[in-house]
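Residue numbers (the working numbering), protein chains in the order written: chain A, 1 to 328; chain B, 329 to 604; chain C, 605 to 1161; chain D, 1162 to 1705.
Read the hints as simulated data drawn from the structure, not as lab findings. Think of the CB as a built atom: it goes at the ideal place given N, C-alpha and C, for glycine as much as any other residue. Each hint should be verified, as a subset may be incorrect.
As the list claims (entries may be wrong) - Label pairs and their in silico Cβ distance ranges:
hint, chain 1, residue 1, chain 2, residue 2, range
1, B, Ala489, C, Leu1157, 42 to 50 angstroms
2, A, Leu316, C, Glu919, 35 to 43 angstroms
3, A, Arg7, B, Arg333, 46 to 54 angstroms
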Amino acid sequence: MSQAGKRSRYVLKRLLHAIPVVLAIIVVNFFLLQLAEGDAVDVLAGEAGSATPEYMAQLREKFGLDQPLPVQLGVYMKNMLSFDLGYSFRHDMPVSQLVLDRLVPTLLLMVSTITLAVGFGIILGLVAASNLNTWKDNVISIFALISYATPLFWVGLMMIVVFSLKLRWFPTSGMENVAMFYEGWDRVKDIAHHLVMPTLTLSLFYLALYTRFMRASMLEQASMDYVTTARAKGLTERRIVFVHILRNALLPVVTMAGVQVGSLIGGSVIVESVFAWPGLGMLAFEALFSRDLNLLLGIFLLSALLVVAINLVVDLLYSFLDPRIEVG
Amino acid sequence: MSFWRRFCRNRSAVVGLIILAIVVLIAASAHLLFPEDPFKLVGQSMSPPGENGFLFGSDTLGRDVAAGMAHGARVSLLIGLIATTVAVSLGVLLGAFAGYFGGWVDDVLMRVTEMFQTIPSFIFAILIVAIMKPSINSVIIAIAVVSWPAVARLVRGEFLAMRNREFVQACHIIGMSDWRIMVREILPNCLSPIIVTGSLMVATAILIESGLAFLGLGDPNIISWGFQIGAGRTVLRSAWWVCTFPGIAIMLTVLAINLVGEGLNDAMNPRLRERT
Amino acid sequence: MNTSSKNTDSVVATADSPVLRIENLYVQLPLGSERRYAVEGVSYDLAPKEILCVVGESGSGKSLTARAVMGLLPAPHVQYEKGQIVFQGEDLTKVSEARMRQVRGGEISMIFQEPMTALNPVMRIGEQIDEVIRFHASQPRKLRRQLALQLLEDVQLPDPSRIMSAYPHELSGGQRQRAMIAMALALEPKVLIADEPTTALDVTTQAQILRLIKELQAKHDTGVLFITHDFGVVADIADRVAVMQHGKIVEIGSVDKVLNHPEHPYTQALTDAVPSLIPRMAKEVVSAPILEVRNLVKTYRSGGGWFGLGKPVKEVNACDSVNVVLNDAETLGIVGESGSGKSTLARCIVRLLSTDAGEIIYRGQDLCALDRSSMRPYRSKIQMVFQDPYASLNPRATVGRIITEGPVILGESKSEAQSRAREMLELVGLDARAFERYPHEFSGGQRQRIGLARALALQPEVLVADEPVSALDVSIQAQVLDLLADIRDRLQLSMVFITHDLRVAAQVCDRIAVMRLGQVVEQGPTAQLFDNAQHPYTQELLDAVPGREWSRLRALS
Amino acid sequence: MRSRLYSRPERPTSIVVKRALSSVCLAVGLIASTQALSQTAGGTMVMIAQPEPPSLAPYLSTSGPIGLVAPKIYNGLLDYDLDLNTVPELAESYTVSDDGLTVTFALREGVKWHDGEPFTSADVQFSIMDVLKQFHPRGPNSFREVSSIDTPDELTAVFNLDAPAPYMMRAFSAYESPIVPRHLLEGEDIRASDLANNPVGTGPFKFVEWKKGQYIRLDKNEDYWKEGLPLLDRIVARIIPDASTRTAAMESGEVHYGAFGAIPNIDVVRMRESDDIGVTTDGYAMINPMALIEMNTTKAPFDNPVMRQAISMAIDRQFLIDNIWFGYGKPATSAMTSNFEPLGLYSATPEFYPESPDVDAANALLDEAGITADAEGTRASAVVDLIPYGEDWRRAGEYMKQALADIGVDLELRYEDVPTWLKRIYADYDFELNVNYFYQLPDPVIGVQRHYGTDQIRQGTPFVNSTRYSNSDIDELLAAGAIEVDPTARGEIYAQIQAILGEELPVVNLFEMEFLTVYNEKLKDHTVSAMGAYHSFDRAYIEE
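Using the sequences and the hints, build the whole thing.
Structure below.
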């Protein structure tokens, strides 16, 4: 079977594997949310000012909240199969549209964070490992630990105060300049300008993980036999580190990137709230506190698919990097 | 004791241990240092550090930030420890079964772990606290629920590796029960990675607690570093000290725990790696 | 067949100056190790066109000396202290790192023991060879590729262009070692250092690699520094031999002098410890069979889809209808190369692995038919001893607990089990104080004795020994084999002895079954098998035994 | 970050029965508006809308954030200046018949909907009768007397009333009673119509785009019926969840306007010194927010008035204002806000609303009533619920716990999310004390009555009589006060009410809150009406 054929079979198999996990997520969260006190109608009534019980009963009936749970779940599943994620009670809009609007900002934040965190993590880990126990190694390790240990929101707020208020380098928050409404290329530059601080804040946290992980991976590979062989071949240290050790050391780091994705979407709640970044994290947070059940399930579904997709990409990338891995 | 000597060779681990010891000491003697209830309104509100007899200043209601940090240390460490213990025991149990028995048991348990890792972990923690209503127990449970999958994966890997070891096969031959093999033969041999990961998880637990508090989901009746950060956050620009000092305390403690964790890792692992 | 063994009056080092001279070399061990120096005052010369074998047991410092020549000592722990390493008039201990890099791989090259891990797993073989050439002699790409292809042909690798683009994991152990040799000889080095290159290989592959090294050495007139612990290999390949013990050279001379007329008592002890190839006298009385294996089939399935429902991807037939018989108080040897299924057979016998078909009859009862509970009375009857001394004992348990655990589980009282355990420790030659100590406080040989004590504590009738001595140094190996023989006779034990080393099999086994790719190709009394093997594979195995000629001559004198 | 998760929902407009009502003041309002022409036009105003409005349907919900955006899109028949005098909007003028049973509105000519359709009296009839009276939370109450509306011609709408309803004239603002396009809603399910997310009005700004979680964009309505207005090119409402970030956005000039406490008071104290940031408490005359503690009068020991009185005496109201709301607010002195003074409806009841806390008197009161303390000095222990609208209320709860400890009441704080809290207090009545705040609005009939009237005990409906306090005298007095026309007689009635409530204290008021509007000095003419932030901003402009 051709390599591409094998690959597509592998992708299919992986997707089939993912289905039970995703379905399980939906069912578990569906019932878990029922445990939360109060429902969307309470929230809407509270917000609307004063609403008569009859009006609230009407609303519950309209949202189908008065149906027995299994029926509600059944309806949700049936719609989900036809890609209809149901209706957001609070925003009075189809969930799929709401979630897709927020998907782009989340992807922007996630991709830039992963690139920055993994990229610099590898570089710093490399530098630390090749200058073991020198001051460089210690400084990098301590810096990595401090950026991991400092509460995210504190870093975020300090950045706003320093970089946007005092130095006026970056806008304080939001994804776009809402006064100018740039178009085309200007808009891309404007978004990038807004993206800098949230990405820095979030990637500082993950940078630490990748730096330490890369350093450990480099040290482990450096003790392998093939490194002694390379040295016996008279190669320079630089070549040994950058050609031989680096490529082998990257493999576990790539896998770790895959595993991190799930927590990355969640972890960004604080950064999204501090920088008013319209991501899925914040949407999920608000959906939870307005008991917007359909919306929350829609977000869990989308993030589950996102995690599965990214893990798949990571695994395929891994099979490119490591010839020993047979795909399919 | 060669373990202790090897641990001390790692200078930063020793520094970490000292910091951690100080924090634990303060936590233990909080009621001696600050006999008053940390919630009590004891003086001029919003006074900067050093003034009006406040070492680290006072918050908007005139409560002593230093007292809050001392009493809060105990709570934050407790939250970290209990949550980690719960997560580790759950993770070890599931990881051991998955790794040891393999087959469909492994598949099912790994699907469950995968599920938990696919759900955005922080949001899931918020979900649990919201459902169980913000209290110290709900925070602990939330942290444990989102942290056990990492331990499960680790322990599964260790059991998979150990399962075919010859000394385990010897036990099979003499008819030792599976449960006994898992507990007495395999588990003792993968304690070191568990302890190291556990130590790092205490640090993450404290961070999650402060994150939850930041979003207003902390326990309203119990002082903890997270509580102080939540309380000080809205006045960050005018009274920076209210949440900065607890933030520093969190950073130092998490830093210390990580350094000790790395020290443990170096001290424990070479001995094992040399032999097997 | 090795064509001609090195005859006794081998060419003495020719008059011209040695290509490599080591003078009074000292290498320090890290603080807190058993002794101060890894290498203490070692001096020897290597003449061009000569193969000098450095032989010694593990920890003798033989490979550290070689690494010192290449400047590859594991830096912080082991350091060069003093002494000269003169290579073509230049003292390598004084040269710059840049010069040293020119020497490594260009003028002195090295091959290592573990072919599985010696090559970079994520880089093609072609690239790894090309790297050496490019680094030492800047030639255009096309020329380098031709040279590489030529090299691969020289080392007799089939289809060199496929090998060029292959990854290390796609080649067998032997093929990888050949690729390593190609890489080492790429720039016609003056000296080739081979650090136990064949130890990890099967005996047949080992023979081919030894022959290859000899041919290439003769063709390129390289001086070869060959490090090994196997006297058979020394006999086959060496011109001169240096014997090392605890970092010092105890004896050096031509291969004939050192092997056949050793002066130093340590050399004598080592050469005597090498099991001769003289088969054991068959047992006169043929006793009733105690254990019979009939048509045993065991296949490994890998892959398999979701929850095991999908179709299996790969299927390996480990045991393909094996039939062997073990008579009472007899030792049946199972001999074969790696992948022959001998270990699988052993694990099936002790019911560690479930079988797909066939029966294992012990005193008339088919063990395969028994479920877990009904297997209980038979558990103590068949016990096993394992190969790796470091992995067969639980590092976190005391010796006492390891030995007493079995009896206690099978119902004996604690005190009774403990007294039995002390008795067993005595039986295997360890003092009773070992009871409270932990495995990491014992040497390899002692650990195998503890493993034996654990098995014997259950008073088994059949002992299955899976390569019990192959991880041990030859002197320790001899002691353990003697112990086994003594215990077997004293307790009238019947034994299934699995090994890849025909010398050991000859010394221990009454009857031998030869296995290949899951099938028993031949079985019979040891003497009959050794004198006129019927199956060509058995003959091939016998011929491949290193130092076969040397042992034969030795036996005559 | 969650300081204002749900800003305080609006209360119905007050009913101010005023004798001297005439078209004269209408004319005055009109002239004032023309002067605005000379100021510079253009620019984009960015304001804070936090939390994000659920929808843009002011005819369905009076949620705060909706009020920030909708009045710029829709118009009302009338508007109200800072002194609550009516100002003409879609109705050029109106006359009230002598018997007060018919009100005729003369509608403005040449007004078009944003989609180009002409605005006629049919729209007014449909808006009031078929939309506001049916679905608006306060509509049924404000227009309960309107039996029908005649539309003799396109520019005249005649309201036929069953009984005089002078208070109704307060309910015609764009926020309270938006006039909606009949041609888009007629025959549709009003509640499910897409108009909620794509509003079409007659107002100065047209709806352009709503990026959920980011902003709502309204551009200038080129053919707005007021000549030369609006001055701004565009208004953008930005959603910024975190309070400190909102402050930073205001300081950096990215945002020009933040009302209803969008900027935390502590930052306001810091920023008001700087000369490019301004602060005002104007524009909230319609609201009169009051911070308070709701007591569950059916649960011991809070069923005993003495306990409630002791609690009221033990609390240092000035401390709360200074340390949590940083000086903005006035200690409460009665069941009603002192802002009712101009209407002659306020009378202080200092007995249990002391100037400063009197712990000894409180303890004496409790001992006298036999509520004695146990060994550890605890008279009673209870759980206090806190309205989950941000950190200020948690601090208030924490202060309450310390303050009441002095009179032996051991409190445990409970802070849950909004849905849980709403259900616990208003559906399950599962609480003992609840720290909360209500809008008393410009008239006690709508703002105060629903917290004390027995008929207002409606389980499941938020923000009504959750204390389940029922007192027949109070019910009679409230009913009388609602229809009493003579101001002095009305003052008498409410004085009696306050005397009784000052004694029984089913709700212990804490202090009269002052909402703040923070703005960039470059933004001019933003707070020009009693509706404050809920205004059309047609005269606002940016002066560079």
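Here's how the hints hold up against the structure:
no. : hint                                     : result
1   : B:Ala489 / C:Leu1157: 42 to 50 angstroms : 47 angstroms, holds
2   : A:Leu316 / C:Glu919: 35 to 43 angstroms  : 27 angstroms, violated
3   : A:Arg7 / B:Arg333: 46 to 54 angstroms    : 52 angstroms, holds
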